[in-house]
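Fit chains B and C to the known structure of chain A by using the hints.
Protein chains in written order, with numbering that gives the first Met the number 0: chain A, 0 to 342; chain B, 0 to 342; chain C, 0 to 342.
FYI, nobody ran anything at the bench for these hints, they're computed from the structure.
Being a predicted model, the structure only gives us computed values, none of them experimental.
Fair warning: there could be bad hints in the mix.
Estimated spans, in silico, between C-beta atoms of each pair [stated by the list, open to error]:
| # | chain 1 | residue 1 | chain 2 | residue 2 | range |
| --- | --- | --- | --- | --- | --- |
| 1 | B | 24 | A | 303 | 41 to 47 Å |
| 2 | A | 33 | C | 112 | 37 to 43 Å |
| 3 | C | 187 | B | 62 | 49 to 55 Å |
| 4 | A | 303 | B | 95 | 48 to 54 Å |
| 5 | C | 112 | A | 129 | 42 to 48 Å |
| 6 | B | 90 | A | 319 | 55 to 61 Å |
| 7 | B | 325 | C | 312 | 22 to 28 Å |
| 8 | B | 14 | A | 273 | 28 to 34 Å |
| 9 | A | 308 | B | 22 | 54 to 60 Å |
| 10 | C | 184 | B | 108 | 53 to 59 Å |
We treat Cβ as the ideally placed atom computed from N, Cα and C, and that holds for glycine.
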Amino acid sequence: MKKSLEELAKLVHGRIEGNKDVIICGVASVEEAEEGEITFAVSDKFLNKARKTRASAVIVPLGVKDFSKPIIQVKNPRLAFAKVLELFASRPQGFSGIHPTALIGKDVKIGKDVVIGPYTVIGNETKLSDKVYLSAGVYLGNRVTIGEGSVIHPHVSILDDTIIGKKVIIHSGTVIGSDGFGFAKKEDGSYYKIPQTGRVVIEDEVEIGANVAIDRATVGETHIGEGCKIDNLVHIAHNVTLGKNVIIVALVGISGSSTLGNGVILAGQAGVTDHVKIGDNVIVAAKSGVTKDIPPNRFVSGFPARLHSEQKRIKAIINHLPDLLKRIKKLEKLIPNAVTKNH
Amino acid sequence: MKKSLEELAKLVHGRIEGNKDVIICGVASVEEAEEGEITFAVSDKFLNKARKTRASAVIVPLGVKDFSKPIIQVKNPRLAFAKVLELFASRPQGFSGIHPTALIGKDVKIGKDVVIGPYTVIGNETKLSDKVYLSAGVYLGNRVTIGEGSVIHPHVSILDDTIIGKKVIIHSGTVIGSDGFGFAKKEDGSYYKIPQTGRVVIEDEVEIGANVAIDRATVGETHIGEGCKIDNLVHIAHNVTLGKNVIIVALVGISGSSTLGNGVILAGQAGVTDHVKIGDNVIVAAKSGVTKDIPPNRFVSGFPARLHSEQKRIKAIINHLPDLLKRIKKLEKLIPNAVTKNH
Amino acid sequence: MKKSLEELAKLVHGRIEGNKDVIICGVASVEEAEEGEITFAVSDKFLNKARKTRASAVIVPLGVKDFSKPIIQVKNPRLAFAKVLELFASRPQGFSGIHPTALIGKDVKIGKDVVIGPYTVIGNETKLSDKVYLSAGVYLGNRVTIGEGSVIHPHVSILDDTIIGKKVIIHSGTVIGSDGFGFAKKEDGSYYKIPQTGRVVIEDEVEIGANVAIDRATVGETHIGEGCKIDNLVHIAHNVTLGKNVIIVALVGISGSSTLGNGVILAGQAGVTDHVKIGDNVIVAAKSGVTKDIPPNRFVSGFPARLHSEQKRIKAIINHLPDLLKRIKKLEKLIPNAVTKNH
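Next up, chain A with everything else stripped away, as it sits in the complex (with noise of 0.2 Å):
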């Protein structure tokens, strides 16, 4: 596919500086960018080597300016990337129609242009929206329901009772709607399982990596909020709820019963204890441990997570302390029996 500068300007709503009939073939990042391609800088960090780029067009910010090379000024130049990528490098689904090895249970609906993967099993009473993808190996249980256009990775297992809605991405090895980890406790010191009868509920554009587990709620749903984005290996506890645009990356862990309000987000190997309530828009540090409620716009680090704005002077401080250390005993030299022996 060959693109001229001003088609793909009009396809991000951007402004052209230098020259718009320069023809664009494809899309790199501007490490491997070659001549006939168009790379990107998502903000002034990247541009020292944007300049450097061999790609023979690039994305840029708004206000950038003085490019030896034709560049694209938009607003969101991570956006204008995502859309001009889809443009160049789509990659086609590897299935299509339902393939005669799946394995189709009772009472099962199915929309048009359902694909089924090879392997797949499908529970009783199950519903599948228009243009729901199935790859290959993918298990759904009984009563599960699959909105218009999701698509479900090799390998995914869905368990009974799960809901999901239209235009989900769910990908390999994630697991959805087992049992919540609820024990009681018997006086012989052995636990005794919790039935866990509830379900889980995933609204509308959530995506969802690779080798995730979703438990179901003991009673009532665990429920992704729509648009979430939930990274690879993150562990989402019984009864949990996630606001809208809540962004969850990988190796979290999030225990029974929180809540996240809207725009949430919890960077890498961050923990979130058992019935919190973390408010709209907080953002939480890699590796910080929610352990109490938090109020929304918060940006907050370290376990037990709090301000980061505290935490950063905490460390600060902290990174000083063999200096510190040094004034102390110096202030002990100057004042007469200030040092005792057990120093």
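Same frame as chain A, but now just chains B and C:
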């Protein structure tokens, strides 16, 4: 199903306050319960919410009084909840019999009432006791043994020579018996694989979550004791030994050859280094890292993990470091010659 | 199988002290070894235990003397152990030939002595070199290439366009080539998916544990260098590059576009932020978080990761903070006007 409160009280060995003839037709959480349902408060902490529930009855701890609606007082409300939930909300298992697409190796012994789901593959010389339930797409290697009544969910991989006891539950995507992570470093900086020739043994009534990985031993056994409960995305390395009734919460990693006593609890994202011994009933707080042996009955936290009481004292001082710094500065001002140039 | 100690010493290029005619018929750990077996002590730390073993012979580091039983002294006891274990305890692979239930796409090239297990699905234009072993329920997408002698365990998903070298081992449940976690935030707070159009390239002799997730690049490659060893439940994001012989222990996460040099070691539960560069032979301690570039040959720890020597010094002072606080209080008592109301 409908039960009177009196019938439920008998089931949970509880004492009714209020109308024993109330008819209950379901179980729900305190927030979501409707008239006709029963709910529960596991501890005093949840009593306030329970007082406002729409449920028709509440299971409460002994000693709770003055409820506006009928209550069942029990010694162990979680256990009572589990038993009532079991009564009302049993989920039937999906498959029955041996599916014609199941592939069964040579010299396999299959007990009574065994279920083998579609596309499940079973290696040679494997033994399945009575009432074993294998769901769809399960893989069992050669010489695997599974005890009576155990349930294996979809897409679980159980590799060669694994021994699994009775009433074990293993959730989807979990891998039992993958090779331990053992290599010998060679002089050229590359690594030489140490064959992993041992096995995994899992005792009775163990439950293992989704997408867990438990490695086989290099030589000998990786051993999971009776009644252990393991949450999602847990890593258990080669030659680890867990005692009885050990609780391991999500995203925990236990390194090679470490040994945990009976009743140990590892909270979420904790880690244990290799070759350490953790005594009976030790509790390891979330995100902690155990780096050396821990005597029985300790509550440890932090990294390196130490007694939680010490950890708390130190954390409290860390939180006051900005104040401490001020006090040192004040002392320096009061004492002639205390301030030196490099501060 | 039976071997004399002399034969074993030749195999491992070792020197015998004691009776070279002792007959060995197996390998076991120091604790579990019985008469007739050989065991080993990798370092001086394990020598005391080794002296008490019931084994008939022990492999020990050079320089070890005064053993009550025959020993083989070697330069690299782990390597010697690996080779002896290989000799005594080779596990045969389970399947042979191409199973009739294997589904093979169009234009697939299959070398000599390839094994394809039951219910394995192989996409179009895929190439399997000689002696590739695919177990049961493996999924390979389109245009996947797998080099000679590589072994893929059950339920592994290898998505479109992945390139895998020779003698690679991938354990069960692992996902290679899932979409990278890339989104552009829109003005309404929702996220727009950035297509992930690159691929994953894995060089020769890499071993990857169970339930790992390695994402494809946005554009270009996610690259795993020759000889890397990756433990269970590791997350490797889009566009990450690992050099040669990198060791990544369980539950580590590496964020997008970060680059690790040759010989790097990341201990368990460590994390690396995006776009950083870690130099050759850097060691990152367990649970550390790397937030910026690290020059070669450093040993770093903590979060943010810094030189381990500095980290240790600071940790030591932190442990003495209660004492430090006492010393400040004493100084304040000794100096008039030092104590202010707000303490």
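* To do: Identify every previously stated hint that the structure contradicts and give their numbers, smallest first.
  => Of the numbered hints, all hold.
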